[in-house]
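Participant: For reference, the chains in residue letters:
2 protein chains.
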Amino acid sequence: MRATMINGTRDVTVEELPRPQIEAPTDALLKVVAACVCGSDLWHYRGVIPTQHSHQMGHEYVGIIEELGSEVTGLEVGQFVVGSFITSDNTCEICQAGYQSKCVNAHGVGTAQAEYVRITNAAGTLVPTPEHPDEDLIPSLLAASDVLGTGWFGAVEAQAGPGKTIAVVGDGAVGLLAILAAKQLGAERIIAFSRHADRQVLARGFGATDIIEERGDKGVAKLKELTDGLGAHGVVEAVGTQESIEQGLRCARGGGYLTILGVAHGVQLSGREIFGAEVHIVAGGAPVRRFLPELIQLILDRKINPGRVFTMDVPLEEAPAAYAAMDERTTIKALLRP
Amino acid sequence: MRATMINGTRDVTVEELPRPQIEAPTDALLKVVAACVCGSDLWHYRGVIPTQHSHQMGHEYVGIIEELGSEVTGLEVGQFVVGSFITSDNTCEICQAGYQSKCVNAHGVGTAQAEYVRITNAAGTLVPTPEHPDEDLIPSLLAASDVLGTGWFGAVEAQAGPGKTIAVVGDGAVGLLAILAAKQLGAERIIAFSRHADRQVLARGFGATDIIEERGDKGVAKLKELTDGLGAHGVVEAVGTQESIEQGLRCARGGGYLTILGVAHGVQLSGREIFGAEVHIVAGGAPVRRFLPELIQLILDRKINPGRVFTMDVPLEEAPAAYAAMDERTTIKALLRP
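Chains as they are written, first to last, in our numbering: chain Y, 1 to 338; chain C, 1001 to 1338.
Honestly, the hints are just simulated from the structure, not real lab data. Where hints are given, some of them may not hold.
[Said to hold, decoys possible] Some chain Y residues well away from chain C (every beta-carbon gap over 10 angstroms; in silico):
1) L42
2) E115
3) D228
4) H265
5) E278
[Unchecked claim] Just a few of them, taken from the derived set where beta-carbon distance is under 10 angstroms, the chain Y residues facing chain C:
6) G47
7) V48
8) L269
[To be verified] Pair ranges (Cβ atoms, derived):
9) G1047/C to Q242/Y: 44 to 52 angstroms
10) D1011/C to G163/Y: 49 to 57 angstroms
11) T73/Y to A1221/C: 30 to 38 angstroms
12) G163/Y to E1071/C: 44 to 52 angstroms
Ideal placement from N, C-alpha and C gives every residue a C-beta, glycine not left out.
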């Protein structure tokens, strides 16, 4: 089968590899319908996470079940399914509390930019659609597997809801979909930080009520102006750098909430600043599985259209160009079709 | 009047100072009935926070209203009142959300180890008892002004409640009273870290079900053993060092909660570790005012006895000995009577 490999900094290729096999009785083998390039893939691409040996890439996927391990229940060969980037049994105490990304049997996905992908913990991870979805819904369903689920988690943890002012730091796909999520959850005011005209249009389309172009402490000052000096009730941080996380923390009011959705290496949070801020902070990989049934339904009902973040849609063979476009920020998010 | 002064590292004296005056129409002047030495006072005493110029000390107090500013409503001269270490208007949006410690008009108290103390934001800060309380309740009411209120906040934010396992790092007064709070809030299991026999007794008396003597990663391993490898649902950290905060973070399960109640200078939290832990973290000075009415009632009804943390009860003149005893950990907490 054809699969995307990373070999070093800015060195992505598409190669012929053996098709994966069922290894454990709880595995599923999917024929990938669509995969995509994630902002977090760029940590590898840019060499921030060094690549020691060539390896496959990809953790976002929708596909058709090709084969099931002998112990997988609740799924059938031929179903269209959406999964997430961390597989989970969905039965342990941590999963039952809604934190499937910290499942006691959690397992990362890393080989989805390919024709076929093996998914562990299949029964707890994959959510089937009632029937094969319309073609035009594929991008939105794919978004659910990571960027929508992650943005949604960010907005939920930031306590987005009626009467609330939510700020979103970062205008990548996750930040943009956190805006969509905050809007769906009923937030009264959604303040987006963005300095790119095309992303501002999408931000407003998803529900942003205010746009701030300034960054860092200037951006914080602007946000304070818009919120009677108090700051936002909740902030979703979707960049992951020292600067953006500090900006996010400083945008939240005392007693408010900050969700950190991405963290680069080397970020350090000052204990004094966290203590002085008195903001509820949670960071981590989103438990997308918690939200998948609800998100899939919203998409099938055409109530949300998160697939708009895919501004590039190319065959898998063009993965190198897709990575380059993401890196250069000439596309928001690139969809790959095997 | 007589008042406690700090002049440098381990240099505390009691001096004659002018009696404070009402300065703003929202002030109250209290005749202090009891004050005490706080663990956080030791940051100054030990020189961790350097003393540039001699200054008064003390932020925990109960007293009798001696005089009121012209705009203070809801209080009367002669009433017995309990306040907290941060004064607040209790009317702004932040106060109304329950985070009075981040009130837009917040003001710190720092002169309470004295015969008289001026309290700003009096109407929003001071909570009167229906009548002058019995003498034996004074220590418990004094505890409410900081260590009980702080421990209570810690337990509330750690989501202490029925079915929950709560861990408490730190066996000072705040840690011990976080145990009492977790018990009152209905926690099923309360795991206390303590290696001092006398404090273990108090911890068990307040509701601890398990005691772990090990610290650091050995302590974490022990806690994991006691919790099926998962960690506690919620952790209250009541020390404030790099080591104790990391211990607290590692004791919480994925999706769990950590309240950090004290922070020393120089503490840095690793972004990678926070991201990997996926624990809800909040740090800050407790909004004691939120809990005061409820805590005062529990004390007057003799349902809780937080005053047991005062293992030293001396006249104000003995403040130097009280600081030394706290520093040497020969007493848990020292009460001062002006």
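Participant: Does V48/Y pass the interface hint, meaning its C-beta sits closer than 10 angstroms to a C-beta of chain C?
Facilitator: Not OK, violated: V48/Y not within 10 angstroms of chain C, min 12 angstroms.
Participant: Far enough from chain C: is every CB of that chain over 10 angstroms from the CB of D228/Y?
Facilitator: At roughly 8 angstroms from the nearest Cβ of chain C, D228/Y sits no farther out than 10 angstroms, so the non-interface label is violated.
Participant: Indicate whether the distance between the beta carbons of D1011/C and G163/Y respects the range 49 to 57 angstroms.
Facilitator: The hinted range 49 to 57 angstroms holds for D1011/C and G163/Y, with Cβ atoms some 51 angstroms apart.
Participant: Less than 10 angstroms between beta-carbons is the criterion; does L269/Y satisfy it with respect to chain C?
Facilitator: 4 angstroms, holds
Participant: May I ask you to test the hint 44 to 52 angstroms on the CB atoms belonging to G1047/C and Q242/Y?
Facilitator: 30 angstroms, violated
Participant: Quick one: work out the minimum CB distance from E278/Y to chain C and report holds if it exceeds 10 angstroms, violated otherwise.
Facilitator: The assertion about E278/Y is violated, with a minimum of 3 angstroms to chain C.
Participant: Closest CB-CB distance from L42/Y to chain C, is it above 10 angstroms?
Facilitator: 17 angstroms, holds
Participant: Would the hint on G47/Y stand, with a C-beta cut-off of 10 angstroms toward chain C?
Facilitator: 17 angstroms, violated
Participant: CB of T73/Y to CB of A1221/C, is that within 30 to 38 angstroms?
Facilitator: 35 angstroms, holds
Participant: Would you assess whether E115/Y, listed as outside the interface, keeps its beta-carbon beyond 10 angstroms of every beta-carbon in chain C?
Facilitator: 32 angstroms, holds
Participant: Just checking, H265/Y versus chain C, shortest CB gap more than 10 angstroms?
Facilitator: 7 angstroms, violated
Participant: Just tell me: holds or violated, for the beta carbon distance of G163/Y and E1071/C against 44 to 52 angstroms?
Facilitator: 30 angstroms, violated
Violated hints for the displayed structure, listed by number in ascending order: 3, 4, 5, 6, 7, 9 and 12.
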